[in-house]
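Asks: The hints should help you fit chain B onto chain A, whose structure is shown.
From first to last, the protein sequence lines stand for chains A and B.
Reading the first sequence from the start, the letters are residues 1 to 431 in my numbering.
Reading the second sequence from the start, the letters are residues 432 to 805 in my numbering.
Check the hints yourself; a few may be wrong.
[Unchecked claim] No farther apart than 20 angstroms at their CA atoms in a straight line, the calculated lysine to any residue pairs in the SDA-like style are these:
no. : chain 1 : residue 1 : chain 2 : residue 2
1   : A       : 269       : B       : 595
2   : A       : 267       : B       : 601
3   : A       : 4         : B       : 563
4   : A       : 415       : A       : 324
5   : A       : 389       : B       : 519
6   : A       : 267       : B       : 599
7   : A       : 269       : B       : 691
[What the hints assert, rightly or not] Some chain B residues close to chain A (C-beta under 10 angstroms, calculated; not the full set):
no. : residue
8   : 484
9   : 599
10  : 671
Think of the hints as simulated: they come from the structure by calculation, not from any bench.
Positions of the beta carbon are idealized from the N, C-alpha and C atoms, including for glycine.
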Amino acid sequence: MTRKVVAIVALVLLFSLSTGCWNRREIETLGFVVAVGVDTSLGATHWESPDVDGDSMPRMQCTVQIVKPSAVVSGERSQTLERPFWAVSATGRTILECIRNLSEVSPRILYWPHNRWFLIGEEYAKGGVTRVLDLMERDQETRRRTAILVVMGGRAWDVLQTEFELERTPSEAGRGIVSNASGRFSTVAVATVNDFLVTLASEGIDPVAMCVEVIPYTFPYEITGDVVREGVKATARLSGAAVFRSDKLVGWLDGREARGYNWVVGKVKSAVLVVDAPQSSVELDPSASLIGLEIIRSKGAFRPRITDDGRRIGMEVKISAEANIADVQPYIDSYSDAELWTSLEQRLEEAIKSEAMAAIRKAQELRADIFGFGREVYRTNPRVWKQVKDQWYEIFADMEPEIEVTAKIVRSGLKVRSVKLEEMGGAGEGR
Amino acid sequence: MTITHKTTARQLGSVLFLLRVATMTLTLPSVIGMPSSQGLWLAGIVGTVISLPLLAWMVTLSRAEGLDDVVRISRRLLGPIGGSTVGWLFVLYWLILAAFELRYISEAYLTGTMPETPIVVFMALTALVSAGIARRGIRLIAMMAELIAFLVLISLLLTMVLPLDVVRLRNLLPVFPEGLQPLILPTATAVPLFLDMVVLMMIAPSMTSGVGLMQGTVWSALVSGAVLTLLIVVVTAVFGPISTALELPALSLTRMISIGGAVERLELITVVSWTFGIGLALATVLWAAATASAHLLGLRCFEPLVYPLGGLAVFLGIRMWPDVGNFDKSTTAISGGLVTSLFILAVLAVLTAARWLRRRAGGGGDSGRRGETE
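Chain A on its own, in the form it takes in the complex:
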């Protein structure tokens, strides 16, 4: 009898306690955040109450981009002209305070697991970013794989208003652009919050973040009539990298320099490098003298070269790449011209070396060791690192790295010979 009573009480307790939890959230009460941006505050937004506590702490502005589920549904209803997201800002002294301030204007609870983008305005990034990144690590809803970007010459707020052709939500479009730009052209330095924080905590290396800029659409004409067109007023472009020294933004790498950075750290997946054609190939038309080489595989690594007394530290950078002949302007005959392959390989090696050197020179100029040359010294020679740690930026800035590039052209596509224009101007073989 007692056992039955105990069992019934236990069951009642279990059923009553297991019906839900304190943290239950119904989907229709959630606002899915897909991007967040942080800027220096321009003053409280119009819906915010003025400071009542008289606090003079500098404020930050946090903007979140929330998906509007009703505007992104597929099918016929997708014809809606409603903007598929809502970008809204609030100010505060910490990022969490900003986010909680948003609860005064958002009818839905902000839900963070879908957030993929963390944008920082240039002005804010110059003052240091660690203070806003802690939340991304500490909170259980956020992702450590969230991409981190700095807005070149602008504010995160502006980027979070931009729209993209081909994709309804900016978050998805951005994902596609990062995938394309890093996987096909290698002109962005992809970085996540985790990468950034691990780099910040490591010795002898400074972090980089992706660089994004607003591209305004300025049409010289107006499209009118029955054809429905969404009014994309500005879009965004991802290229290059934001360079930090410690957690403060100190400068930028352009797309070519960012690829140079990727060569050195071994992150080039694919790229197209344009080189001058060998002299023998441009006899007929010197104006069409360029050859595009598509990188299909590459490796990059470096190791320090330290003299026995530990006073001189150099860096040996080794890069290897394989490429295909992908785009040819002049006439070439890869079938019978044996010299062509060697000649193109030399040109490719020079082009890669030039990009890598450009990135190193820029980092030296900014005095930010984004490659982790110092970290490599620390890893391989911790005792030497201990001695040089305090003067590292000077050593890094004066360093003359040796770059050794080995390039291999492996294929020439679906043809072995280009169209040869007749001297009389008639067409030769069809392309």
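Replies: Chain B alone, transformed into the frame defined by chain A:
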């Protein structure tokens, strides 16, 4: 209280594996708060190597005393008062361990998934379920452990393998930038967690043989040592210097998983390990505490003691650690770990010495309730 079914070496190994490995799915006491991260994986290896002879010592003592349990061995070798004192100390130790496991899993649920839920809800429900299992005896626990250890092992392997794209083995270098000294604290923290396997001295009477007791113990120590080392390697390779600042490293690892950019954040893997692994480890400890208490109180059965002990563990779990900071520190060698090690090593030393003195005085070596069968 008659045990009618025997526990196999594999089942014992599974029970001990869950006891040791369950905590790894939560915080990694050998990593959290340590001064540097690179060489910590060595603490896993050294900790296992140091623990193996200590565990073998426990097994040897049990076998020499006819596979009797530690309370009966203590009473026989140290007399009714000394033996009962040791017995009650073991009950207290297992009770604190149960409180610790309860607090551990509840804090993990709160920190990792549902921060607003009152902690007592998790603690009470876990204690209720685990006590329910414990009440059915070591046979059921052993059979469940045999199944669940495999599940936990697979989930841990997935946790380590799936974030492979973010593993940077260079984060493991240099191994000892500051010499060997930073290795002492993490190693000393790893050893007490292996010593929690002392519960094998309560399971011994249910074993099929002494050889099985040794096999199960050694294998569980080796496998859990390997898993501990690998986990530290992966955590350090992914998180570098910040790995020592992570509250729940295994959970953080699963948050890094991204399969094809589509399947992400598989925290479920870790939560499954928590629920099943800790649940069963807790059941084992509650069973040991209840069985030892029944012996000491001269009761014929331990079952009525399980739920009250579970309730006591909930109470202690809430009252003993005012905040997570204190709780985390209690797992390190400079705090709770040191007390655990000293207690268990002192008991082993006293029992071995008493046995040696008795033999020297002509009291006979095999004073156990039954002899080795193999």
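Asks: Work down the list of hints and note, for each, if the structure agrees.
Replies: Here is what the structure says about each hint:
1. A:269 to B:595: Cα-Cα ~18 angstroms, so holds.
2. A:267 to B:601: 15 angstroms, holds
3. A:4 to B:563: 14 angstroms, holds
4. A:415 to A:324: 12 angstroms, holds
5. A:389 to B:519: Distance of about 56 angstroms is beyond 20 angstroms: violated.
6. A:267 to B:599: 13 angstroms, holds
7. A:269 to B:691: The given pair, whose Cα atoms are some 16 angstroms apart, holds under the 20 angstroms limit.
8. 484: 33 angstroms, violated
9. 599: 8 angstroms, holds
10. 671: Status holds, d = 4 angstroms.
The earlier numbered hints that this structure contradicts are 5 and 8.
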